[in-house]
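Asker: Sequence:
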Amino acid sequence: MNILFLSMVNISTLQQRGIYHDLLNQFINENHSVFIVTPSERRHKKKTVLLQEGKASLLNVQTLNLTKTNVIEKGLGQILVEKQFLKAIKKNYKDVTFDLVLYSTPPITFSKVISYIKHKDNAYSYLLLKDIFPQNAVDMKMIKQNSLIHRYFNKKEKELYALSDTIGCMSEANKTFILKNNPSVSEEKVEVNPNSIHPLFIKYDDEEKAAIKSKYKIPLDKTIFVYGGNLGIPQGVDFLLDTIAKLKEPTAHIVVVGGGTQFTKLEQWFETNSPSNATLLAGLPKNEYDSLLAACDIGMIFLHKDFTIPNFPSRLLAYLEMKKPVLAATDVNTDIGKVIENAQCGYWVEAGDSDGIQNKISALCKSNLKSMGSNSWDLLNREYLVEKSYSLILEKINNDIA
Numbered sequence: 001m002n003i004l005f006l007s008m009v010n011i012s013t014l015q016q017r018g019i020y021h022d023l024l025n026q027f028i029n030e031n032h033s034v035f036i037v038t039p040s041e042r043r044h045k046k047k048t049v050l051l052q053e054g055k056a057s058l059l060n061v062q063t064l065n066l067t068k069t070n071v072i073e074k075g076l077g078q079i080l081v082e083k084q085f086l087k088a089i090k091k092n093y094k095d096v097t098f099d100l101v102l103y104s105t106p107p108i109t110f111s112k113v114i115s116y117i118k119h120k121d122n123a124y125s126y127l128l129l130k131d132i133f134p135q136n137a138v139d140m141k142m143i144k145q146n147s148l149i150h151r152y153f154n155k156k157e158k159e160l161y162a163l164s165d166t167i168g169c170m171s172e173a174n175k176t177f178i179l180k181n182n183p184s185v186s187e188e189k190v191e192v193n194p195n196s197i198h199p200l201f202i203k204y205d206d207e208e209k210a211a212i213k214s215k216y217k218i219p220l221d222k223t224i225f226v227y228g229g230n231l232g233i234p235q236g237v238d239f240l241l242d243t244i245a246k247l248k249e250p251t252a253h254i255v256v257v258g259g260g261t262q263f264t265k266l267e268q269w270f271e272t273n274s275p276s277n278a279t280l281l282a283g284l285p286k287n288e289y290d291s292l293l294a295a296c297d298i299g300m301i302f303l304h305k306d307f308t309i310p311n312f313p314s315r316l317l318a319y320l321e322m323k324k325p326v327l328a329a330t331d332v333n334t335d336i337g338k339v340i341e342n343a344q345c346g347y348w349v350e351a352g353d354s355d356g357i358q359n360k361i362s363a364l365c366k367s368n369l370k371s372m373g374s375n376s377w378d379l380l381n382r383e384y385l386v387e388k389s390y391s392l393i394l395e396k397i398n399n400d401i402a
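Residue numbers (the numbering used here): 1 to 402.
It is possible that some hints are incorrect.
[Said to hold, decoys possible] Derived lysine to aspartate or glutamate pairs resembling EDC-like cross-links, with alpha carbons at most 20 Å apart:
1) Lys-265 / Asp-290
2) Lys-118 / Glu-159
3) Lys-175 / Glu-383
4) Lys-396 / Glu-383
5) Lys-215 / Asp-95
6) Lys-189 / Glu-159
7) Lys-180 / Asp-165
8) Lys-175 / Asp-378
9) Lys-388 / Glu-188
10) Lys-55 / Asp-99
Because the hints were derived from the structure by calculation, they are not lab data.
Make the full structure from the sequences, and use the hints.
Answerer: This is how it looks when you write it as structure tokens:
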């Protein structure tokens, strides 16, 4: 098949790892051709460019800044992106007939692109639902409920769901939320197709782990909890800082590594408070972050307490891949905590529960981490392998076409 993939994640090569890279490489390994359209944000100062990499064609389209920018530019960028993508596709892929158009949220503004491909090529449309927008922005008070901009994006969301032949959700809670809040969407078109990867476990001996910890000035005699990834409003960094400030377990040390709109806030807090029980690191390249994670003991997930939508952060997979137990502090609507606890690979507390998270940190410091880590690995291989996501997509296409 010829597969058109649309995403807001910049992909300039498939020689990297990630949930989209791994899935697209799986399609290529199964002898499909992939045509990838992703943004090249204004900050990079690059024109639209078409690249060829084996059986993959990569079209990086010049756009406004869509991430790590102010709300106005981000909103305008999401409104304009579908016209920019559509223009680039018509110019660069006019002679290609697509069998499948695969796309992820965010954004929800790809309707014109999808409609054009479906009409031109009779292509199958499959949505990988990674974000429920605009409700997430309402939850975070970035958009006012029932405002003009909210109604506009809500209309685009409905259009996207209607155009999608299948909606693949990250978890059962995601699926339930979509069906409950979108009565026009039939249950038959919604399935659970979770974040997935092709795992690569890194094993270090104690001497190698010590060298990695020393490199980042991380204590060698503590149980190391690590939070890695985006540091923005959705992550509820105030509770992360509260957890560090109130950390009572003397054998625990928290490492925070990442970047985002709230990184400066964390940096200033660390400079002011100089905590001896925590380390803050700016975002690292994927390979360096993987090495650091492999040398640590427990992964942490934080989500803002005010979310009404069931997020399911992909950072969970990085922890499972490294055979790490997981401690999640989230809102009550996501089912990620239930998944972790049912698999016996970690604990969940409600975001904002200071006593609860301190107790779980202490419990983990006294737990059999090796056994819990094995359960993490088992959960990954049972539910989150890229082969499963690929098979679900192919099965849905074949069944619906038949």
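Asker: Can you give the numbers of the hints that this structure goes against, from lowest to highest?
Answerer: 1, 5, 8
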